[in-house]
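Quick note, the sequences are listed as chains A and B, same order.
Position 133 (the first sequence) corresponds to 133 in the working numbering; numbering is contiguous.
Position 276 (the second sequence) corresponds to 1276 in the working numbering; numbering is contiguous.
If you are wondering where the hints come from, they were derived from the structure by calculation, not from laboratory data.
Ideal Cβ positions, reconstructed from N, Cα and C, are used throughout, including at glycine.
It is possible that some hints are incorrect.
Unchecked claim - Going by beta-carbon spacing under 10 Å, a handful of chain A positions derived as facing chain B:
#1 T35
#2 E36
#3 Y118
#4 I147
#5 D151
#6 A159
#7 Y193
#8 Q259
#9 E275
#10 N364
What the hints assert, rightly or not - For each label pair, taking beta carbons as the anchor points, the in silico distance ranges come out as:
#11 B:S1028 x A:K241: 17 to 27 Å
#12 B:D1156 x A:R310: 26 to 36 Å
#13 A:K237 x B:E1160: 42 to 52 Å
#14 B:Q1354 x A:N176: 20 to 30 Å
#15 A:N176 x B:I1320: 36 to 46 Å
Claimed, not checked - The list that follows gives simulated cross-link-like pairs (lysine-lysine, DSS-like), each with its CA atoms no further than 30 Å apart:
#16 A:K238 x B:K1179
#17 B:K1226 x B:K1198
#18 B:K1180 x A:K119
#19 A:K119 x B:K1179
#20 B:K1093 x A:K45
#21 A:K237 x B:K1155
#22 A:K175 x B:K1243
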Amino acid sequence: MSQRVFVTGIGIISGIGNNVDETLQSIKQKKSGVTEIKYLKTIHKGVIPVSEVKLSEDELIEMAGVDKNEPFTRSTLMGLIAAAEAVKNAQIDDIKEHRTGLISGTTVGGMDKSELFYKDLLETTNHIEYIETHDCGDSTERIADYIGVRDFVSTTSTACSSAANSMILGSRMIKNGMLDRVIAGGIESLTRYHINGFNTLMILDKEPCKPFDINRSGLNLGEGAAFLVLESEDIIKKTGKKVLAELTGYGNSCEAFHQTASTPEGKGAYAAMKEALGRSGLKPEQIDYINAHGTGTDNNDLSEGRAIDRLFGPNPPKISSTKAYTGHTTSAAGGVEAVLSVLAIQNNMVFPNLNFKNQMKELNFKPVTELLENVKIDHVLSNSFGFAGNNSALIFSRY
Amino acid sequence: MEVYIKGIGNISPQNTIDSSIFLDEIVSHDTDFVSCIEPNYKEFINPIQLRRMSKLIKMGISASKICLKDAGIENPGAIITGTGLGLVGDTEKFLNQMLDNNEEFLAPTAFIQSTHNTISGQVAIALKCFNYNNTYSHRGFSFESALLDGMLLIKDKDAENVLVGGFDEITYEHHSIIKKTRWVKNETIKSLELLNHKTQGTIVGESVTFFSLTGKKDENTYARIKNIKTIYKPESNEEIEAKIDQFLAENSLTKDDIDLVVLGLNGNIDTDDVYYHLADNYFNTNYAYFKHLSGDYHTVGSFALWFAANTIKHQRVPEIARFRKENFTEKPIKNVLVYNHFREVDHSIFLLTQ
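The following block holds chain B by itself, in its conformation from the complex (with noise of 0.2 Å):
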């Protein structure tokens, strides 16, 4: 499949929006969640509209125009989203308000916007593009479904090039509520310490990461998305070990090819289990891991896709991502390939070359 990476808008919680730097300067957080680093929405957004969109839905129209600008594209052939959990602040409003008060006296604001494709929708408002348009919400495959729905438009001729983003955000109150579960750590930590405490659940975090895709090179593109994959319940690394090397033939690659494994290591001792079994049994090459700059959400492959396709551009893995360091070898970074989970269910590799 011969589809590029011409543009990327990443509002995170590190200093992502600048494309020409690349984790130069580290944000640590210290609390209980991870955040993103909002930008001045006033560059991209009116601000009498302004005023009436929540947080999720300003970020998502700025990421949208951050991106298409560093494509140099007006407007795309089509906008596909994904979210694990939508927009999550709306939900919430609304949910109390009619909780609250009895099913009574409720206003629509929170409700409308509250559809998981209210980003999709707005941002082609924002840009008048009458084309195709589609959101995933599926765990750990929402962004990765957008993906595939997007590389499939462009292999298809459906469109030139396509708007693909993930997005989901953490609230305190979502916050209260998920740390209840396993998948939650319940100390709060600092995250760039995020591998060193081996313990039960993760750090959440939230992003909002939008690509431009092509299926045509040029001089400015970041890198060529070769092919990705999904993998439902695998029900051994065996499994996991087996669907890579067909994946990577089907590619016409080995593992000895792979410069770069980026790897969703989420300091989950429940679940890191096969991160280490892949870099210490399977693959011999260079590692990076990225949970402790995004935290970990549904939509993470978003922001792994952007970190991935970074090394490529920049040629180099920022130190504090490599992972395995005093392995680490310089070379040139030609092919990367991204494996992440969301809770041992949805498993992704994202393949991508020079």
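So that you can see chain A by itself, here it is in the shape it has in the complex (with noise of 0.2 Å):
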């Protein structure tokens, strides 16, 4: 365990851009990309809001030059268009030429087709195609051929936090000298699966979600797709290729507690900060920005909040959470948030938290709320939190 891993190379897709571009400029023009339901054939349409990507699926399979005929569930679309633009963006000419992997996280999979076609599937034998489309791995594996990866693929699935678990062990795989490179990150697209599957919970708020304030009721679902090139110091001392940022610390752990909810101290919370942070070798002062989990939910937001004032004390670094922008894109989420957190850096500049008015009493901080520019961000830890207790914490730093 002796390779440092750095970021070369980032694409991202969600409900505030197509694109790394697009994305920033949502950001710094406070535009979030919480609406009406557009795409998704549901009863909930006008009532709960959520974070589509705003394209249907025709101009999905348009954008990414595939064949119309073939079986694309709308999460693989996503995930072909990200993760080619990671691998573009990471100036990468012939991916062969080092030894590279994919690992994707998703939990949701093929659900948008399967739960469209169920019915069809038991009873006759119509869009049987889509048989082979349901589970996690078919993204992972059309991703990458579409980018043409050989040497390693994986598929991550730990609800919230699957993205975070792709870069952890993608970066583990690095340092060990398994593998000189690895493209890192998640997919999800909104189903009706999952849509139904959280209001059953009574966690999806029917307004723009407003993490971190005293009157948030719930979170608003997204979709979308991230990917990170994760890349061996090897690399980059034979190349000398540009760095956007190095990864310098994770952290994994289980809250061993209830499967849909966290402890109100936030102890696996606190625990994945604290080991990221030992991973790093940095001191709590030392961060500059955290990225948080930040939902919306009553549970989420007080377990992190009070596990951030327990590491991080009376002086916590500049917080927010990008949720209201990109909607909760549950097993991208870790992704499309390390994505912002490499962005972060490279722009010295701290996103702020959309829809925030009134600070909760339970906790020491307030999240940003304005849009920092010109503040040096070295240091940016990145939380990712999933049902059953998987929790992680991604630390990336400037190089």
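Since each chain comes alone in its own frame, lean on the hints to assemble the complex.
Encoded structure:
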């Protein structure tokens, strides 16, 4: 375990833009992607707001340049676009030149097509080409084939921390010299399945979400895909290529408390952040910005906030959740927010926590509510916490 | 890599819970698919919790406890699972409710339990284990990724021991769907006669199989996992041979050092070719197969690892699992190689030593 791990490329598609540039523009203009449902066919249209990628499937197929007769799920299409952008951004001409892996995170997998055709699949032989797009691995393999990755493929599935866990495995494989380069991140399209699932848990806000606000009343779901190109120190030394940031720390800890809730004191969140700090060798006061998980639910923001208070004390770094921009993109969230963390370092910027008005009584801190520019951001902590108590934290640093 | 199997908990279509026996009595499954022999869950889970749990969660918690008891470990340094399709029963339940009721009047339980990380999370809750926790879901690399992750944790000294498991379940409803693909046999067969049916497709099975891995050898360890490798979409048998050569060389072995090759033969005439090729043209040793005992599924690699580890521990290959029986020669079992592939896309190799 000696190799350092560098971020050399980023790619993203979400409700606030179809690429990195559009994403940054939306952030600067405080433009949220959360709107009335347009593309997903559900009875919740007009009632539950979400952040959809603002493209139909035909438009996604055209953007990705793939055969419309092939069975592509919406998740996969978004994944193709974001992964290809990341590879291009990293100026990779020949992906086979170095041992390269793809590790993607997803939980819903191909459910958007399964739920559409399920009764047909049970009762008829129509749409049977979508039987094999249901599982989580389908999207990863299609993305790997699209960008030409052969040396390693895998898929993490830890709900809302999936993409963060992809980056953790990728980083460890590079550090161990098993791969030279890993394209890591996550994908998730909106489905009726998980909108209804989250709805039964009564954690969806019918208004734009208000992370860390005393009057917060739930999260907005979102969709998207985001990937980072992680490369070994050896490649960087050999090629002298541009480095966007270094992945200096990671932590993974299980809450072991409840399938869908975290402890009020945020035990798992605290442990994941503390481990990430320990691995990076950084002191809490060296973190300049925390891109919080901050979903806007009662439970998450309280437990995460308390864990931040406990770890960072009375003078915490600048903190914001960008979920009010992108919605909660679940398995993609760790990737989306890792891309935003890298952008914060590159642009010396802290992104506002939209819709925040009043501080939570239980917490010492208020999130940042305005776009901060020209603030030196050297180290960013990015949190991703999921169902089943899967908590992960990543630290990105200026190189 | 110094990684040893210290304990196993395997709930499968065979009698695999008692680690002192090794395929002594064989169960033939003459049904559409091959289901697990379920244990008496009350031995592992209290009755109040038991009522709320779906079958796979019950099997998951039970198998993890059997494994840790076998290993003599109370709380593992990490819990990592792999699953191809996750909690199929719970997923079907919520999906059907949603579709039948037009997205209204839904209860959350099946949804909550339907994420793929439910088992790793529930096992963590049952053990109060706050350590590293992860779940992989990638077809024929689901269990293999979990195993790789666990081995890396031990190698990097992030954990002294890890609990690694593979799980998949097959339901009537899901079987009725995948029967429409070319991967599942149309005819109902006797599972033990799997290789006699030279037709398209295989028989589907299931298991929940946990391993306790440690970096320290002691007298109770089953075997050492020397290394594993995944190969994505190899283009030819030559490429596969070259990859095996390279893999063995990296582990300071040649193919002549392998005492037993465990093959993932699943009776599908479309995709079994590589196994016959390796047996006929590449290796020259003893062979075994196992999918007539377990059926085939995304995480069948976990059953294969259980099988391979037990051949080393018990120093025998059960008669029922011998392939190319006529050439089988009795010899000490020191090095075992497992070769398995999922639909000719995801190929994996495990190398075990005594």
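Hinted pair A:K175 and B:K1243, Cα distance within 30 Å: holds, 23 Å
A:N176 versus B:I1320 beta-carbon gap, inside 36 to 46 Å or not: holds, 39 Å
Supplied distance hint 20 to 30 Å, evaluated on CB atoms of B:Q1354 and A:N176: Once the Cβ atoms are compared, 25 Å apart, the range 20 to 30 Å for A:N176 and B:Q1354 holds.
Proposed proximity, B:K1179 with A:K119 (alpha carbon, max 30 Å): holds, 15 Å
Chain B contact restraint for A:D151 - C-beta distance below 10 Å: holds, 7 Å
Status of the hint placing A:I147 at chain B (closest C-beta pair under 10 Å): violated, 13 Å
Interface hint outcome for A:E36 [beta carbon to chain B under 10 Å]: Since the shortest Cβ distance to chain B is 17 Å, the answer is violated.
Distance restraint hint 26 to 36 Å, applied to the beta-carbon atoms of B:D1156 and A:R310: holds, 27 Å
Hint check, A:Q259 versus chain B [nearest Cβ-Cβ separation less than 10 Å]: This interface hint holds because 5 Å falls under the 10 Å limit.
Pair hint outcome, B:K1226 versus B:K1198 [Cα-Cα no greater than 30 Å]: Judged against 30 Å, a Cα distance of about 35 Å means the pair is violated.
Hinted contact A:E275 with chain B - closest CB pair below 10 Å: At 9 Å from the nearest chain B Cβ, A:E275 passes the 10 Å test, so the hint holds.
Chain B contact restraint for A:N364 - C-beta distance below 10 Å: violated, 25 Å
Hint check: violations occur at hints 1, 2, 4, 10, 11, 13, 16 and 17; the rest are consistent with the structure.
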